[in-house]
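Read top to bottom, the protein sequences are chains A and X.
Here our numbering runs 10 ahead of the position in the first sequence, where the first position is 1.
Here our numbering runs 1 ahead of the position in the second sequence, where the first position is 1.
List of simulated lysine-lysine pairs, BS3-like, C-alpha gap at most 27 Å:
| hint | chain 1 | residue 1 | chain 2 | residue 2 |
| --- | --- | --- | --- | --- |
| 1 | A | Lys385 | A | Lys457 |
| 2 | X | Lys89 | A | Lys260 |
| 3 | X | Lys23 | A | Lys127 |
Counterexamples of contact, computed for chain X against chain A with all Cβ distances above 12 Å:
| hint | residue |
| --- | --- |
| 4 | Asp5 |
| 5 | Ser21 |
| 6 | Ala65 |
Calculated from the structure, these hints are not laboratory results.
Cβ atoms here follow ideal geometry from the backbone N, Cα and C, with glycine treated the same way.
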Amino acid sequence: MRVDLFWMCLWCLIRHSVSGQGQSTAVCSPSCSCDEDGGADCSGRGLTTVPTGLGTFTYYLDLSMNNITELPASVFKNFPYLEELRLAGNDLTFIHSDALSGLHQLKVLMLQNNQLKSVPSAALKNLQSLQSLRLDANHISAVPEDSFEGLQQLRHLWLDDNHLTEVPVGSLRHQENLQALTLALNRILFIPDNAFANLTSLVVLHLHNNRIKEIGDNCFAGLVNLETLDLNFNNLMEFPKAIQALSKLKELGFHSNNIASIPEGAFHNNPLLRTIHLYDNPLSFVGASAFQNLSDLHSLMLRGASMMQDFPILTWTNNLESLTLSGTKISSIPSDLCEDLKLLRTLDLSYNEIKELPSFQGCSLLQEISIQHNKIQQIDRDTFRGLFALRLLDVSRNEIQTIHKDAFLTLTSLANVDLSMNSLTGIPTAGLSAVSQLKLSGNPRMKNVLSAKSLPKLRSLSVPYAYQCCAFVGSEETHMKKYTGGDDGEQISMILHCSPSPGAFKPCEHLLGNWM
Amino acid sequence: VSSDCQAGCATCSALNGCLSCKPRFFFHLELDGIRQRGTCLSSCPRGYFGARSPLISTCTKCKADCASCFSENFCTRCHPGRFLLRGKCESSCPNGLTANTALRECTECPAGCEQ
Numbered sequence: 011m012r013v014d015l016f017w018m019c020l021w022c023l024i025r026h027s028v029s030g031q032g033q034s035t036a037v038c039s040p041s042c043s044c045d046e047d048g049g050a051d052c053s054g055r056g057l058t059t060v061p062t063g064l065g066t067f068t069y070y071l072d073l074s075m076n077n078i079t080e081l082p083a084s085v086f087k088n089f090p091y092l093e094e095l096r097l098a099g100n101d102l103t104f105i106h107s108d109a110l111s112g113l114h115q116l117k118v119l120m121l122q123n124n125q126l127k128s129v130p131s132a133a134l135k136n137l138q139s140l141q142s143l144r145l146d147a148n149h150i151s152a153v154p155e156d157s158f159e160g161l162q163q164l165r166h167l168w169l170d171d172n173h174l175t176e177v178p179v180g181s182l183r184h185q186e187n188l189q190a191l192t193l194a195l196n197r198i199l200f201i202p203d204n205a206f207a208n209l210t211s212l213v214v215l216h217l218h219n220n221r222i223k224e225i226g227d228n229c230f231a232g233l234v235n236l237e238t239l240d241l242n243f244n245n246l247m248e249f250p251k252a253i254q255a256l257s258k259l260k261e262l263g264f265h266s267n268n269i270a271s272i273p274e275g276a277f278h279n280n281p282l283l284r285t286i287h288l289y290d291n292p293l294s295f296v297g298a299s300a301f302q303n304l305s306d307l308h309s310l311m312l313r314g315a316s317m318m319q320d321f322p323i324l325t326w327t328n329n330l331e332s333l334t335l336s337g338t339k340i341s342s343i344p345s346d347l348c349e350d351l352k353l354l355r356t357l358d359l360s361y362n363e364i365k366e367l368p369s370f371q372g373c374s375l376l377q378e379i380s381i382q383h384n385k386i387q388q389i390d391r392d393t394f395r396g397l398f399a400l401r402l403l404d405v406s407r408n409e410i411q412t413i414h415k416d417a418f419l420t421l422t423s424l425a426n427v428d429l430s431m432n433s434l435t436g437i438p439t440a441g442l443s444a445v446s447q448l449k450l451s452g453n454p455r456m457k458n459v460l461s462a463k464s465l466p467k468l469r470s471l472s473v474p475y476a477y478q479c480c481a482f483v484g485s486e487e488t489h490m491k492k493y494t495g496g497d498d499g500e501q502i503s504m505i506l507h508c509s510p511s512p513g514a515f516k517p518c519e520h521l522l523g524n525w526m
Numbered sequence: 002v003s004s005d006c007q008a009g010c011a012t013c014s015a016l017n018g019c020l021s022c023k024p025r026f027f028f029h030l031e032l033d034g035i036r037q038r039g040t041c042l043s044s045c046p047r048g049y050f051g052a053r054s055p056l057i058s059t060c061t062k063c064k065a066d067c068a069s070c071f072s073e074n075f076c077t078r079c080h081p082g083r084f085l086l087r088g089k090c091e092s093s094c095p096n097g098l099t100a101n102t103a104l105r106e107c108t109e110c111p112a113g114c115e116q
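Using the sequences plus the hints, can you model the full thing?
This is the structure:
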C-alpha cells in the first residue's frame with residue numbers, strides 16, 4: 011500500500027513539471043488568485059506595487075485596475091516565461107528603463123488607461139517577442155523616434171485616445187511587421203507624405219476622431235496591404251485622393267468630414283472596396299464615374315449632393331444590394347440600370363428631380379423602392395413588371411396622373427403602397443391583393459370609391475375623402491369584423507383603420523343626393 | 002442609483018451594476034443568469050474589442066471566427082482549428098506557410114520543414 015502511494019506522488023510531480031507546472035506555480039501571492047496553468051489574476055485589489063510570491067512559471071499576470079503609479083527596475087525579473095502582462099487601469103506615470111527587463115517571452119503588454127505622458131521607449135527596448143502593445147487612453151503627446159526600436163515582432167499597436175498632434179512618423183519607420191494601428195481620438199491635424207511608408211504589412215489603420223484638415227497626396231504611399239482605413243469624424247476639406255495608393259482597400263470611411271465633392275474616378279484604384287461610408291459631408295458634387303467598377307461594393311449611400319446632376323455610372327458595380335441616392339438634381343434614371351444591378355434589394359431615389367421611370371424589370375430581387383419627392387407623372391405597364399419580391403413602394407409626393415391598369419399585376423408580394431400627394435383620378439387594384447397598407451390621401455381629383463373586395467388584406471387605408479372609407483368601415487369606430495358578402499359567400503375581412511374616418515359630420519349615408 | 006460603485010463606474014445600481022462609466026472605460030453588459038449587469042472595464046473580455054469614441058467607449062463582439070480581435074475586421078487570435086493570417090482566421094494556410102496548431106497561426110516554414 012505504501013509503495014503504491016509513493017509511485018502516485020512521484021507521477022503527480024512529473025506531470026506537473028512536464029506541463030510547465032513546476033512546484034513553484036502552486037505558490038500564489040495572497041493578493042492574487044492563480045490557476046493551474048500559470049495564470050495569476052491580481053486585478054482590482056487596490057495594490058500599489060507588484061505583489062511578491064508569484065511562481066516563476068507565471069505566463070499570464072493581470073495587475074489591471076489597481077493603484078500602481080510606478081514600475082521600478084527589474085520588478086518582473088522573476089517571470090522569464092511571462093507572455094501576457096496587464097497593467098491597464100492603474101495610475102502609472104513612470105516606468106523605469108529596466109522595469110521590463112528579462113521579459114523575453116512577453117507577447118502582450120497592456121498599459122492602457124494610465125497616466126503616461128510619453129511612450130516609455132527605454133523600457134520597451136528588449137521585448138523582442140512583443141506582438142501587441144496597448145498604450146491607448148494615456149496622456150501621450152510625445153513618441154520618441156526610438157520608441158518601438160527592437161520590437162521586431164510588433165503586430166498590433168494602440169495609441170488612440172492620447173494627446174498626439176502629429177503622426178509619429180519616425181517611430182513607425184522600422185515597423186515592417188505592424189499589421190494593425192490605431193491613432194484615433196488624438197489631435198492630429200495633418201498627414202504628411204510617406205507618413206506610413208514602410209508599413210508594408212499594415213492591414214488596418216484607424217485615424218477617426220482627430221482634427222485632420224489636410225493630407226498629402228502621397229501620405230498613404232507604401233501601405234500596399236491596407237484593407238481598412240477609417241478617417242471618420244475629421245475636418246477633411248478635400249476628397250482624400252491619397253487613397254489611390256491603396257489597391258487592397260476594402261473598408262473605407264470618411265463620413266462626418268467637410269468634403270464638398272467626390273471627383274471623377276475617385277475610387278478607380280480601389281477595385282476591392284466593399285463598404286464606403288461617406289455620409290454627413292456637405293457634398294454638392296459627385297463625379298458620375300466615381301463608383302464605376304467596384305464589383306465588391308454592396309451598399310452605396312449618397313445623400314444631399316445637391317449639385318449632382320448625372321446618375322452615377324455603375325457599370326461593373328454589379329453586386330450592389332442597396333443604393334440610396336437622394337437630395338440631388340438628378341432628373342433621369344438610366345434605362346439600363348437593372349442590367350448592372352441584378353442583385354439590388356433596396357432602391358431609394360427620393361428627393362431628386364426625376365421625371366420619368368424606366369422599367370426596373372431586371373432588378374428582380376428588389377424589395378423596397380422609394381421614389382417619393384420627385385416629378386414623376388406616370389407609371390407604365392412595365393415600370394415594376396416582374397418585381398415579385400417587391401414589398402414596399404413609395405411614390406408619394408410626385409405628379410402622377412395615370413397608372414397603367416396592369417402596372418401592379420405581377421407584384422404578388424406588395425404589402426405597403428404610398429401614392430399619396432399626387433394628381434391621380436383613380437388607381438388600378440389588379441395585383442394589390444396582398445396590400446395591407448395603402449395611402450392615397452392628397453389626390454384631390456380622386457373621387458371614385460374603391461372596392462373592398464379587390465383589397466382583401468387591407469389593414470390601413472388613407473383616402474382623399476371620408477366617404478371613400480364607408481366601403482371599408484362600420485358606422486362607429488373601425489373594428490375587425492368578418493362578414494359574408496357577395497353571392498359566392500366569399501369571406502371579406504373588413505379594414506382595421508381608414509382615414510379620414512366618416513363621422514357625424516361626414517356620414518356614409520346619402521345626404522342631399524350625394525356626398526358632396 | 003447607489004453611491005459605492007465598482008471601479009470605473011460613474012453611476013450604478015444594486016440591481017444592474019454599472020449604469021455609466023467614467024471617461025475612457027469600456028462599458029460592457031455581462032450576463033448574470035438571465036439578468037444583465039453593467040461593468041466598466043479598462044480592457045474588454047476575450048472575444049470582444051474595445052471601440053473608443055469621444056462620448057462612450059464600449060466592448061463590441063469580435064466576428065464569429067475570432068477568439069480575440071483588434072477591430073471588427075481584424076482578428077488577433079483564432080478558435081481551435083483555424084489559423085491566423087494577417088488578421089483573418091483561415092481554415093488552411095497558403096503555400097509557403099504551415100498551419101501551426103499550437104499557435105493557431107499560419108507561420109513561416111523554416112528550411113527543410115515538411116508542410
